[in-house]
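Listed in order, the protein sequences are those of chains V and Z.
The numbers in the numbering used here rise by one with no breaks, and the one at position 33 of the first sequence is 33.
The numbers in the numbering used here rise by one with no breaks, and the one at position 19 of the second sequence is 1019.
Simulated from the structure, these hints should not be mistaken for laboratory data.
Where is the CB? At the ideal position from N, CA and C, for every residue including glycine.
Be aware that one or more of the hints could be misleading.
Straight-line C-alpha distance at most 27 angstroms; calculated DSS-like pairs for lysine-lysine [claimed, not checked]:
(1) 57(V) - 1110(Z)
(2) 57(V) - 1103(Z)
(3) 1003(Z) - 1106(Z)
Per label pair, the in silico range of CB-to-CB distance [as the list claims (entries may be wrong)]:
(4) 72(V) - 1100(Z): 39 to 45 angstroms
(5) 83(V) - 1057(Z): 28 to 34 angstroms
(6) 1066(Z) - 41(V): 28 to 34 angstroms
(7) 83(V) - 1110(Z): 37 to 43 angstroms
(8) 1057(Z) - 40(V): 36 to 42 angstroms
(9) 64(V) - 1017(Z): 46 to 52 angstroms
(10) 83(V) - 1065(Z): 27 to 33 angstroms
(11) 1009(Z) - 9(V): 24 to 30 angstroms
Each chain, written out:
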Amino acid sequence: DTGVSQNPRHKITKRGQNVTFRCDPISEHNRLYWYRQTLGQGPEFLTYFQNEAQLEKSRLLSDRFSAERPKGSFSTLEIQRTEQGDSAMYLCASSPIGSYEQYFGPGTRLTVT
Amino acid sequence: DAKTTQPNSMESNEEEPVHLPCNHSTISGTDYIHWYRQLPSQGPEYVIHGLTSNVNNRMASLAIAEDRKSSTLILHRATLRDAAVYYCILVRGGSQGNLIFGKGTKLSVKP
C-alpha cells in the first residue's frame, strides 16, 4: 500500500458542469477527510467520514457539494453546477481509529473556466 | 477551536538547525499540538505531535513550553528538501480530528 490516492490529479471544466473526484484511502483506515485549498491558504476542512457514515460537514460545503463513502472504503466528492470560485486543490486524507495522524493524498486540482 | 500564530516566513541555511515557533495562548488542557508540513505541489505531511512533554522522532523534535502557550518545532539539520510550509495545529482530544489549518510558516532553505 503506497498511501492515499486521488483521481483525477487535474480537472478542467466549464462553469455549470458537474465534476466528481475519487479518493482511495490507506487500507483499513476508518477515518476519511476532505479538504479544499486555494492558492496561498492552508487547507480548509470540508467533511469527515468514519467508515461509511458522514459525521461532520463544514458550512463551506454548500448544497452543490456532496460526498459519499458507500462501503467505507473509497470516497467520492461531487460538485454540481461548478462555479469559478470552486477552483481549488481538493485534498483527501485518511487516518486509523485511535490516531489523529492524517495521511494526505496528492490532491485533485480543479480549474473552472 | 483555539487559534495558533506563526511567522509568515523564515529562512535557514542548509545543514543548520531551524527553530519554528508557534504561539497558542488559548490552548485548552485537552488540546494536542500537531505539526504538518506541505512541500510544493504535494498534500500536507504529518511531522510530529505532543501534549505536554517534548517529543522526538526521525523527522524533528517538538519543544513545548511549560505553560503550553507556545511550542517550537526543531529541525536539527535543515536540508533543501525541508523547504515547505509548516503548519502548527491544535487538535482537541476526543474530537473527530479534523484539522484547522492557518497560513503556516513558509521555510526557505539556502544552500
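Here's how the hints hold up against the structure:
| no. | hint | in the structure |
| --- | --- | --- |
| 1 | 57(V) - 1110(Z) | violated, 41 angstroms |
| 2 | 57(V) - 1103(Z) | holds, 22 angstroms |
| 3 | 1003(Z) - 1106(Z) | holds, 18 angstroms |
| 4 | 72(V) - 1100(Z): 39 to 45 angstroms | violated, 25 angstroms |
| 5 | 83(V) - 1057(Z): 28 to 34 angstroms | violated, 42 angstroms |
| 6 | 1066(Z) - 41(V): 28 to 34 angstroms | holds, 33 angstroms |
| 7 | 83(V) - 1110(Z): 37 to 43 angstroms | holds, 41 angstroms |
| 8 | 1057(Z) - 40(V): 36 to 42 angstroms | violated, 29 angstroms |
| 9 | 64(V) - 1017(Z): 46 to 52 angstroms | holds, 47 angstroms |
| 10 | 83(V) - 1065(Z): 27 to 33 angstroms | violated, 44 angstroms |
| 11 | 1009(Z) - 9(V): 24 to 30 angstroms | holds, 28 angstroms |
Violated hints, in rising order: 1, 4, 5, 8, 10; the structure is consistent with all others.
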